[in-house]
Amino acid sequence: MTREEFASRALGYLEDLTAFARRLSRNAADADDLVQGTFERAFRSWRDLRQPGACRAWLFQIARNLHLNRARSAAARPELRLVTDEDTLPAAAFVSAEAVARFEAHDLEAALDRLHPDQRDAVLLCDLWGFEYEEIASITGWPLGTVRSRIARGRARLAIHLAAWSRDAKGRRQ
Amino acid sequence: MSGDRQAPAACDGWLEFLSAGLDEALVNGERSRVDEHVAGCRECQARADSFRALKHAVARLPSREAPPGAVRAHVESLALRVRRSLPLGTAVRWLLAASLLSAAALYVALRRGPDGPGAQLAQELVADHLHSVPEATPAEVMTEDPAEAVRFFSDRVPFRPIAPRLEGARLIGGRLCKIHGRRVQLLFYRAHRDETISLFVSDQDLGGSGCRESRGLQVCSRRAGGLALLAVGSGPAGDLRRLLDSADF
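Protein sequences, first through last, are from chains G and B.
According to my numbering, the first sequence is numbered sequentially starting from 1.
According to my numbering, the second sequence is numbered sequentially starting from 1.
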């Protein structure tokens, strides 16, 4: 791959990276910094990219690593944070496929927000950006089995959250 | 919701397999074991349906966002710097090598037999399908009448538009779309079991006949009447292939 090809290819993913950075950062200014930082690093080290077809996953990997590094630095400051248990799945009903169709995008976003960050990343990388499990493993650095498990648990928790909201909404209507 | 059911705790062990099955990520004999279990377990069937619906709902959220102008300008300036940093001698050598490679690629493309859409194109079409189906975004023209659909696309696409009849599916509407920056038709059909099929019609060369799976959906393509027809649907590839082969216009 030539520099020219890399530059064209990478620029084609600017909108994907912007959406990813906004989900990681939850703050427009930080997201903008993250996008610029990602491309600065990518253009510096584009020769490390061995397969042109892996360019998108490689950019996501850089963005995620940059974000995690910054988050670790910021963690030196005391912070109150809601901790969610990643492993325990409550014994509860799943939302039905028919009910999913009735939810608005903002309901789904709210349910995604309630997931453990690793599960949310796993579900979004798989379902929103369409990455394969191997690509998600390279982006996150997780073993394949962990990728598979986090996607499954993330989906299960989503299904449980939405089922609870669905019941609440029905209760309010009655 | 009447459809919300709580599965027995024993079924929790199947969750990971149901989820991976949806992503075509099962290995060795897992697929047959999962299929066998699900066939006899209504709860796991409902959970698999729930996962599938959630997967498609998440896929319809926006996956691309425009950056602020200043960010775009900064990133484009970085790209420009990378492009300009190429020494002239190297550039000429690479240009020659690239020309040879392109010629070789063209030769191979012309010689090779029919194949399906490329992976990147398939991914883009699936994303367009998920974001554009009338369930997600209202179509620009809602009609079952092929003539009305053709009238809508007239003067909007750079070729003579069509609205093919597909065996076992009925036209429900359409919208304008772009592939590789060129305007194409995007027609929607309702097939059996209420499945929505997206049919992209383009005058570009977008590959030969074949099917490719992307994000759990199938993308099939064929050429007819000088046009490329590409269908996206959630059913088996064979069904979509037959539907596409039945296109009559």
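Quick caveat, the hints were computed from the structure, so don't treat them as lab data.
All values reported here derive from a predicted model rather than from experimental measurement.
Be a bit skeptical, because a hint or two may be false.
Here are the computed lysine to any residue pairs in the SDA-like style, where the Cα-Cα straight-line distance is at most 20 angstroms [as the list claims (entries may be wrong)]:
| id | chain 1 | residue 1 | chain 2 | residue 2 |
| --- | --- | --- | --- | --- |
| 1 | B | K178 | G | F43 |
| 2 | G | K170 | G | N65 |
| 3 | B | K178 | G | Y13 |
| 4 | B | K178 | G | D16 |
Where chain G lies over chain B, by a calculated footprint (3+ residues, C-beta under 8 angstroms) [what the hints assert, rightly or not]:
| id | segment |
| --- | --- |
| 5 | 155–166 |
| 6 | 176–188 |
Calculated from the model, a selection of chain B residues having no Cβ within reach of chain G, i.e. all distances over 10 angstroms [what the hints assert, rightly or not]:
| id | residue |
| --- | --- |
| 7 | E16 |
| 8 | H37 |
| 9 | E65 |
| 10 | A66 |
| 11 | P67 |
| 12 | H74 |
| 13 | R81 |
| 14 | E140 |
| 15 | E144 |
| 16 | P146 |
| 17 | R222 |
| 18 | R223 |
| 19 | D239 |
Glycine included, C-beta positions come from ideal geometry on N, C-alpha and C.
Hints and how they fare:
no. : hint             : result
1   : K178/B <-> F43/G : violated (29 angstroms)
2   : K170/G <-> N65/G : violated (42 angstroms)
3   : K178/B <-> Y13/G : holds (17 angstroms)
4   : K178/B <-> D16/G : holds (17 angstroms)
5   : 155–166          : violated (count 0)
6   : 176–188          : violated (count 0)
7   : E16              : violated (4 angstroms)
8   : H37              : holds (15 angstroms)
9   : E65              : violated (4 angstroms)
10  : A66              : violated (6 angstroms)
11  : P67              : violated (4 angstroms)
12  : H74              : violated (5 angstroms)
13  : R81              : violated (7 angstroms)
14  : E140             : holds (20 angstroms)
15  : E144             : holds (22 angstroms)
16  : P146             : holds (28 angstroms)
17  : R222             : holds (24 angstroms)
18  : R223             : holds (25 angstroms)
19  : D239             : holds (20 angstroms)
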